[in-house]
Amino acid sequence: MAEKRRIKLTVNGVEMEGEAEPRTLLVHFIRDTLGLTGTHIGCDTGHCGCCTIIMNGVSVKSCMVLAYQAEGADILTIEGLAKDGKLHPIQEAFWENHGLQCGYCTPGQIMSAYFLLSRNPKPTEEEIRRGLEGNYCRCTGYVNIIKSVKAAAEKMSK
Amino acid sequence: MTEALLSKEIPVPRKWVGTPIKAKEFPRLITGQGRYVDDIKIPNMLYAALLRSPYAHAKIKRIDTSKAEKLPGVVAIVTQEDVLKYCKPYPQIVPPPADKLLDYCIAVDKVRFAGEPVAAVAATERAIAEDACELIEVEYEPLPPVMDAEEALKPDAPLVHEEVGTNLVWHEVFDYGDVDKAFAEADKVISLKLHHHRYGGAPTETHAVVADYDKGTGVLTIYCNNQMPMFCMALIGLSFNMPTDKIRIITPDIGGGFGSKILSYTYMMLISILAMKAGRPVKWMEDRRENLASGTHCNEATFYVEAAVKKDGTILGIKAKTLHDVGAYLRYEPVGALLWIQVSSGPYRFKNLRMDVNAIVTNKGPVAPIRGYGRIQHLWMLERTVEQVARQLGLDPIEVKLKNYVRPEEMPYVSPSGATYDSGDYPTALKKALQMINYDEWRRKQPELWRQGRFVGIGAALFQDSGTNNFAQVRLIYKNNPFSGNSRMAEMWMDEFGRIIVAVGSNPHGQCHETVVSQVVADVFGVTPDDVFVVPGFDSWVHGWTGHSGSYASQFAVSGIGAVLGAAKRLREKIATIAAHMLKAKPEDLEFKEGKVCVKGTDRCVAFWQVANLAYRNNLELPEGVEPGLRVIYTWKAPFKLPDLEKKTVNATLTYSYQAHACVVEVDPETGKVKILDYAVVDDCGVPINPHIVEGQVHGSTMNGIAAALFEEYVYSKDTGQLLASTFMDYLFPTALEIPDIKVDHMISPSPFTELGTKGVGEGSLVPLGSIAGAIEDALSPLGVVITDSHNPPERIYRMIKEAQKKRK
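If you read the protein sequences in the order shown, they are chains A and B. Position in the first sequence counted from 1, then plus 2, gives you the numbering used here. For the second sequence, position 203 matches number 199 in the numbering used here, and the numbering has no gaps at all.
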């Protein structure tokens, strides 16, 4: 076991810090050290996308990033999306369109949708599918996820 | 359909049942506030990692944990020695000799599949536990693995379980009607060999356990994501030889299951042993590679089928020999080899059926009751057979299906096995699905497309989703099995503020039971779903349960809701009795509305909280003979009968939802890749409680079917027994790019056997396996290709095309 180092970063607008080994994955650091368990782990090989977060404005799979690499980073996780008890329009759209079932992949889906809509506020269906390609869902057949992202884009353009 | 919403005694208007309200569970899940097992932290908790076998079949000669024990941070290590100290082998449900099969939560003396646990380590950090696994030395003596059901039956085949003496663990012949007469009268006999491949649930959340043994009280608390924990409770109690009052099982939010999470009791026990040995709580979260390798795949099956048919496509009878490869241990088997009995003739009306059923152990991962369990294999076999009947007679497969379907006026229909299909209109559903893909238009265009070298085909299939199972069917495996019927328990109470609280023994993982229960209860009490609190998750110390409790086998809308309705009526009756006393009226003259009980047609009312006040704090005002408190329990029992062991018939399931699927596909002859051009589903699950939730289940089971038909397979090396699909890179979980838009329409045929006319829904039986196989065969019909495998990735199709073209030259 290598020596631990202190990592400082900003998560959901709050400055946080904690210790990590060189091999600690960012997702484990966020969940176990910072205690933000909304970010989930579905594979640890970078396929499923359950651990998707926004790091310095870009969506990343946090199982593919080492905690060390997040030193000084600005991170947004699912917990940071709703403001003052009000849901983000993407969250509202997922709720209204039954865009989830078991909810395990949902934080990752929502964070990927957040990134997609930040870059492309009016995506076509094809662009939504490409934008969410890295996020597996076993429950919904993606049908209502696509519908939710379309609805979110409309809400956000208003 | 709209009348008789609730019981005859208490007619209640339907306001919330049938309404697509937003799911009550979702606000916590979309904000990252869901609580899954991996989110649980207990003070002083350790983290576990498992060492798994690299061999498919090998003797364990020696296990040396001494180096691992010395690693700083390691607290406890469990191997076969500890397991034998704590556990007896799991009981089996098969007749002799396979009842002697020894199965534990860890490999004992021998490993029987690659990925079987051999040791478990608990340490202060997960990474340390994983490091320690690498320091454990295991000496193996590799044995030849047996990786195929037919090979396993050969006299010189290696034995997976020497204690059984054969790899054939269950064999039975079921003979219904007069099969020999049907074959004697046939114009033609069609023969086929078919293979149904291994795929699985692969939920995004893998298996997870937190075990906490309290030395003070002797209570073992197991937090887990098992979807049928009360089934496990009995197994754990028997294997640990521990009184079940000392075992508490808790399931929080669960990240998908699809049947795979029924079998996690082996992990629940292994991690519990670690916790008992370490004297500290232990968490274990399976990683994805483990999840794929450790089994919980669907039943793999080989079929030798013969169909006796008339020239006009009428099916007279079917004979099938089935070989189920159930993997290395039985666990829930051989139930999967039996469950065809729920859908014995599928949607068809032939009366003569002979099933020669064989369950066989091999050195693959053990199978689990995966979505559509045991029925999909059979329904897919029937569908392939009927399509080949049509093609070999020169008839249109869709016409032959429509001709042979059970007719709506024949419902309820008793199938050859005694399973009674409750209601439905199969021909209309199929035609509707075909209209949704513009069937006539595609058929008209098809010859021209073929001329252009475009292989476009149409497929359609209808599968039933049998729900609410009669456990007595397992007596057809072994007459002494002490199980029968089906039941659910619900507890309901009104608190002293007039709020209604419900606890149901179920373990939902996406089925939104909190929402549907609230809808049903709201209608009974004249309140809104927001006025009803459904206790989330499951806790065996909080939720009333029976041995059938859990979330499996398409049934909550029947069994769970049956219990909820029973409890609601009991509670309502008690409230009405007290309110009648307070209002000086007769209970039958009262109505429940907006949190009050009122005398009909007047403004004389008492609020729920006023009634509750008498019940809880002011009981000298209660009417004579009324017990204080407002808390009731109701246990629902399914109206089943025991099987006829002579005839081997049983009313195996209570309700029959069904889905008709139609699709258009195009096969690229250069690559063998299949593209879905259009996909439509017509679903009928009786009266839907929440159409949003039903539609979600339809989408999901359709995706599972498309994934199984075209993408996912647990491929094993025949030589080494290694699982080759060991990550999501190889086990092709489809993404949003692979799954097309799925058009859905509904029909409603209320079940005559349930109070609300509901039917269980959720498994959907993965109909795309049938529709896509049919569409590919149709697309390639100019080449005369016959689809005989349920998995059709590009490589297989490419080879079939090349072979067909070679034959034509």
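For the record, the hints were derived by calculation from the structure and aren't laboratory data. Treat each hint with caution, since some may be false.
Here are the simulated DSS-like cross-link-like pairs (lysine-lysine), alpha carbons at most 30 Å apart as the crow flies [what the hints assert, rightly or not]:
hint, chain 1, residue 1, chain 2, residue 2
1, B, K589, A, K124
2, B, K644, B, K475
3, A, K85, B, K37
Hint check, failures only
Structure breaks hint 1 only.
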